[in-house]
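**Student:** Sequence:
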Amino acid sequence: MNLSSSGPPRTALPPEDPAAVAAVAAAFDAPEGDRRSLVAAIVAQQPDLLVGWAALGALARDDVEAYACYRVGYHRGLDRMRASGWRGTGYLPASVPSNRGFLDSLAGLAATAAALGEVDEAERCRHFLVQLDPEAYSL
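Counted from 1, the sequence shown has number 97 at position 33 by this note's numbering; the numbering is strictly sequential.
Treat the hints as calculated values from the structure; they're not laboratory data.
Please note: incorrect hints may appear among the correct ones.
[As the list claims (entries may be wrong)] The calculated label-pair distances, taken between Cβ atoms and stated as ranges, are:
(1) P72 to R125: 37 to 45 Å
(2) V128 to G149: 30 to 38 Å
(3) P95 to P72: 38 to 46 Å
(4) G71 to D98: 17 to 25 Å
(5) S148 to P95: 12 to 20 Å
Glycine included, each C-beta is placed from N, C-alpha and C at the ideal position.
All chains, full assembly: derive it from the sequences and hints.
**Tutor:** Here it is as structure tokens:
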């Protein structure tokens, strides 16, 4: 966590396994019917891979599955944020690549909560995104 006299602290999550991140990205170049199973295999080997959970949410077969995947990425990300010094306030900039898996999971959770009619949860997630990075997200 970096403290600054010019504003709230900024947190950068530790980098994820570069080979696993590359494998998730490569899965999106595979035939469409194979993408989800490729990413699921990666996540099965590394269940703490935030970009993997966000990708599984994006590749989900329906809104309920997407919601579940995004929720796992969100909760694992919160744990990682706290371990990185985040104490409930401050920024988690989207410009830091290691923060993207959590932020993508949170954005996906907001969208799928809205799609499922969970309006309050969708709104909480959108506000949290804006609080974490007001430059990257807006309401």
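**Student:** Does each hint hold? Answer for all of them.
**Tutor:** Okay, the hints, checked on the actual structure:
no. : hint                     : result
1   : P72 to R125: 37 to 45 Å  : holds (39 Å)
2   : V128 to G149: 30 to 38 Å : holds (34 Å)
3   : P95 to P72: 38 to 46 Å   : holds (44 Å)
4   : G71 to D98: 17 to 25 Å   : violated (44 Å)
5   : S148 to P95: 12 to 20 Å  : violated (37 Å)
Going through the hint list in order, the structure does not satisfy hints 4 and 5.
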